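On the provided structure of chain A, position chain B as indicated by the hints.
Residue-level listing of the chains:
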Amino acid sequence: MPLFRRHRTDEPEPEMAPDASGTPAPAPTEPPPAPAAAVHVRGLTKRFGHFTAVDNIDLDVRRGEIFGFLGPNGSGKTTTIRMLCGVIAPTDGEATVLGFDAVGQAEDIRRSIGYMSQRFSLFEDLTVEENLKFYAGVYGIADERYEQRRAYILEMAGLQGREGELTANLSVGWKQRLALGCATIHEPELLFLDEPTSGVDPTARKRFWELLYDLAESGITLFVTTHYMDEAARCSRVAFIYEGSIVTEGTPDTLRTTLVNDTIFEVTTGDVDAAIEALTASPAIAEAYLSGAALHVNVGTRIDGPEVIASTLTTAGLEALSTRVVTPTLEDVFVHLVNRERASSVPGQ
Amino acid sequence: MRAMLTRINAIAAKELVHIRRDPRLLVAVLVMPVLQLLLFAYAISFDVRDVPTVLLDGDRTSESRAYLAAYEHSDFFHVVGHVDSPAQVDRAFDESTARVAVMVRPGFGRALTRGETPSVAVLLDGSEPNSAQLGQAYAVALNRQLDREVFVEWAQARALDPSAFGAVDVSVRTWYNPGRRSADFLIPGLMVVIIMIVTVQQTAVTLVRERDLGTFEQISVSPVRRGELVLGKTIPWAGLAFANMVATTFVAITLFRVPLRGDLLALVAGTLLFVLCCLGIGLLISARASSVEVANITGLIVSFLPGFMLSGFAFPLNSIPVVLQWISYLFPGRYMVDIARSVFLKGAGFEVLWPQIASLGLYALVILSLATLVHARRAD
Chain A
1 MPLFRRHRTD
11 EPEPEMAPDA
21 SGTPAPAPTE
31 PPPAPAAAVH
41 VRGLTKRFGH
51 FTAVDNIDLD
61 VRRGEIFGFL
71 GPNGSGKTTT
81 IRMLCGVIAP
91 TDGEATVLGF
101 DAVGQAEDIR
111 RSIGYMSQRF
121 SLFEDLTVEE
131 NLKFYAGVYG
141 IADERYEQRR
151 AYILEMAGLQ
161 GREGELTANL
171 SVGWKQRLAL
181 GCATIHEPEL
191 LFLDEPTSGV
201 DPTARKRFWE
211 LLYDLAESGI
221 TLFVTTHYMD
231 EAARCSRVAF
241 IYEGSIVTEG
251 TPDTLRTTLV
261 NDTIFEVTTG
271 DVDAAIEALT
281 ASPAIAEAYL
291 SGAALHVNVG
301 TRIDGPEVIA
311 STLTTAGLEA
321 LSTRVVTPTL
331 EDVFVHLVNR
341 ERASSVPGQ
Chain B
1 MRAMLTRINA
11 IAAKELVHIR
21 RDPRLLVAVL
31 VMPVLQLLLF
41 AYAISFDVRD
51 VPTVLLDGDR
61 TSESRAYLAA
71 YEHSDFFHVV
81 GHVDSPAQVD
91 RAFDESTARV
101 AVMVRPGFGR
111 ALTRGETPSV
121 AVLLDGSEPN
131 SAQLGQAYAV
141 ALNRQLDREV
151 FVEWAQARAL
161 DPSAFGAVDV
171 SVRTWYNPGR
181 RSADFLIPGL
191 MVVIIMIVTV
201 QQTAVTLVRE
211 RDLGTFEQIS
221 VSPVRRGELV
231 LGKTIPWAGL
241 AFANMVATTF
251 VAITLFRVPL
261 RGDLLALVAG
271 TLLFVLCCLG
281 IGLLISARAS
291 SVEVANITGL
301 IVSFLPGFML
311 SGFAFPLNSI
321 PVVLQWISYL
331 FPGRYMVDIA
341 RSVFLKGAGF
351 EVLWPQIASL
361 GLYALVILSL
371 ATLVHARRAD
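If you read the sequences in order, they're chains A and B. Mapping of the first sequence onto the working numbering: position 43 corresponds to residue 43, and the numbering continues sequentially without gaps. Mapping of the second sequence onto the working numbering: position 296 corresponds to residue 296, and the numbering continues sequentially without gaps.
The set of hints was computed from the structure by calculation and includes no laboratory data. Just so we're clear, the structure is a prediction, and the values are computed from it rather than from any experiment. Hints may contain errors.
To be verified - Each pair of labels, with its calculated beta carbon distance range:
| hint | chain 1 | residue 1 | chain 2 | residue 2 | range |
| --- | --- | --- | --- | --- | --- |
| 1 | B | S290 | A | A293 | 57 to 65 Å |
| 2 | A | R340 | B | P23 | 57 to 65 Å |
| 3 | B | V292 | A | T314 | 51 to 59 Å |
| 4 | A | E94 | B | S290 | 28 to 36 Å |
To be verified - Negatives, chain B to chain A, calculated, CB over 10 Å:
| hint | residue |
| --- | --- |
| 5 | A10 |
| 6 | V27 |
| 7 | V34 |
| 8 | R60 |
| 9 | D84 |
| 10 | A87 |
| 11 | S96 |
| 12 | T97 |
| 13 | T254 |
| 14 | V268 |
| 15 | L305 |
| 16 | P321 |
| 17 | K346 |
Cβ coordinates follow ideal geometry from the N, Cα and C atoms, glycine included.
Isolated chain A, as found in the complex (with noise of 0.2 Å):
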C-alpha cells in the first residue's frame, strides 16, 4: 500500500495509467476511442409517470478523476446512475459511458464499469472466496487472471487468511473493502460507487477512501456520490444535483468556500414550523431551515447571531432552547446553493 499519494485537483488530470497489473483490461467489443470522455450525458431526463426523477442534465466526467455527484436523498443520484449503467432506459436526453451508448450498447458498459452502492451486494452466506468466485463467474475472469486478481483482492481488503471465514461474520470495514474488491475484480475503467460510506465509521471511511486514491492513480474514473462534505472535498470535480436538477458543479473549493464566511447556528425550539416561518421572514437572517430534529440558521456574516434569533423568536411568541454554532456540513452547503438557485430562477423575488 502506498504510504503517500498525491493531493488531487489542481494538478492536470493524469493521462490513462498504463494498467498496474500487466494484464490486458477486458476487451469491449468496439474499443471506444481514446479520448472518450468516461461519462458525457446531455439532456438526460428520467419520468416515471408524472414524476420527474431527473431533469434534462448535462454531465461531463473526464477520464481518470473523482467525479463527486453530490445531492440530498431522492435527488435523483441513483436513478442517473441506473441510467449510466444501462439498467433502466432514459425518458429522454443522450449518455455515452466510456464511448458506449448507454441505451443501444448497455451490455458493453457493463462489462467495462464496476459499481457499488451502500448495500454492498455481498452474499453473506457466502465465504470470501466464494463471494470472489462468484463475480469472476459473473464477469468471465480466466483462472489464472483470477489467482491474480483474488491475491491482489485480498490484500487489498487485508483479508489474507480469512478467505474461507463467512462474509456475515466481517465487520462493516471489511466487508465494504470485500464488496470494492468484488466491484473492481474485472479491473473496470469507470467504478460508479454510490454512497459507499454510508454507516462506515469514520476510521473505516478513511481507509476506504485511500483505497479509492489508489484506484484512482491506476487509471480508474470514479463517480462518486456521498452525502458527506469531507468525501465531497476529496473529488476532483463535484456536481451537484437536486429535485433532479444540476444545481452547480465546479471544485470542491467551490463547496467548501460556499459557507466560509458566513455563520451556521443549530437551534432547538418547541414549535419548529413556526420557529422557521418567523425566521426566514426575518431580513437579519439568510436561511432557517430543518436539520434532523433541529434547525439550521444561516446569519450571514453577522456577528450578533444568538441575539437575533432569540429576538426574532420572541417577537414571535417563541423560545430558542439551545443555540450554538456548528461546522457547515453539505446539507448546509445544498440548502443555500438551492436557495441561491431559486432567488436567480425567479426574477422579482
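Same frame as chain A, now just chain B:
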C-alpha cells in the same frame, strides 16, 4: 456463448451454496417431501375394509347359506352377526353396529334351482357414503364373482341415494387398483403435490430475497442478462425438484409397494415439464411479491390449495363444481397427477399421455414467458 455459460454456472453454483448453507432450507427441500409422503400416505387413507355387516337368511337352504358364506369370506365385509328380522337390521344400523345388511328372501334356493333370478336385498347405511359407495360396489362385484344370477335389490336406508354413486368411477378404480389400496391411488398424486409445493414456494422466495439483499441490483449492473439470472437461479431448484421426484418415487415403490407399470420415460418427461411449470409459477410470484413473507405465503397458497383440491389428488375432478373444474386447468397439478397415476397404475406411456404432456409443455412455455416479461417490466 461460453461467457454466458460461465455466468449461468457462477449463479447456479452460488445458489447451491446458499441451499447448502441453510439447514432449514435443506430440510425443507430434501427431508420434508419424503416426510410428508410418509405422513400423508399413512394418515390419509380411503381404505375401506372390514365393514361391519349383518346377514339375514330368510331362506335357510344350502344355497342361501353358500351364498352368504361368500360375504363371510370376504375381506371387505366383516360379518358381525346373523339377524332374524328386518327390525333387527334397523336396530343394528341405529346402533351403528353394522353398516351393511344382506337379506336373502325366502324362496332363494328354490328360485335358483328353477333357473330363475332370485332376489337378494343389500341394505347400506348411507350416513357414511364412502363405505356405502364401496359396499355397493363390492356387493356387485361379489355377486358377479359368485357367478350367480342373483337379482340384487338395492334398498335405501338413511339418506342414501344410489343414483349419486359414480358407478363408472368406482368400477374404474376397481379395475386399476384391484387390491383397492388407497396408497396406490394416493401416492402418485401426492408426489406431484409435494413437488409443486416445494418448488413453487422456494422459487418464489429466492429471487425476492436477492432483491431484498441488494445483490439483485448489483447483478443488474453486471454483464449478467436477466434470462441468465433466472436460468442460473432456477437450475439448482429444478435439479432438486427432480431429485425429490426420484426420491419419492423410490419411497413409493419400495415402502408402499406402489406398482410402476408404465413407461418411465413418459413419467420423466412429464416431471421435467411439470417442474418447469412450477418454477414459472414461482418466478411469476417473485416478480410481483413485495417481500419475502409475501412471496412465501403466496407461494404456499398458490401451490397448496390447488395442489390438494384442484389436481385430482384427493377428489376426483369430475366430482367438483364445474367452475372449480375450469379453474383446475389453470394449475399444472391436474395434468401431472393424471400422468403420474396413469404411468404408475395404468401402465400408460406416451401414446396415451401425449395430450397431458403437451399441455404441460405449453403451460411451461406460457408461464415462463409471462414470468420473464413481468420481471422485465419490474426493472423500470
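Consistency of the hints with the structure:
1. B:S290 to A:A293: 57 to 65 Å: violated (30 Å)
2. A:R340 to B:P23: 57 to 65 Å: At 59 Å between Cβs, range holds.
3. B:V292 to A:T314: 51 to 59 Å: At 54 Å between Cβs, range holds.
4. A:E94 to B:S290: 28 to 36 Å: holds (34 Å)
5. A10: violated (2 Å)
6. V27: holds (16 Å)
7. V34: holds (25 Å)
8. R60: holds (79 Å)
9. D84: For D84 of chain B, whose nearest Cβ neighbour in chain A is about 76 Å away, the distance exceeds 10 Å, so it holds.
10. A87: Fine: 73 Å to the nearest Cβ keeps A87 of chain B off the interface.
11. S96: holds (58 Å)
12. T97: Holds: least Cβ distance 61 Å, greater than 10 Å.
13. T254: holds (35 Å)
14. V268: holds (30 Å)
15. L305: About 31 Å separates L305 of chain B from the closest Cβ of chain A, which puts it past 10 Å; holds.
16. P321: holds (42 Å)
17. K346: holds (45 Å)
Violated hints for the displayed structure, listed by number in ascending order: 1 and 5.
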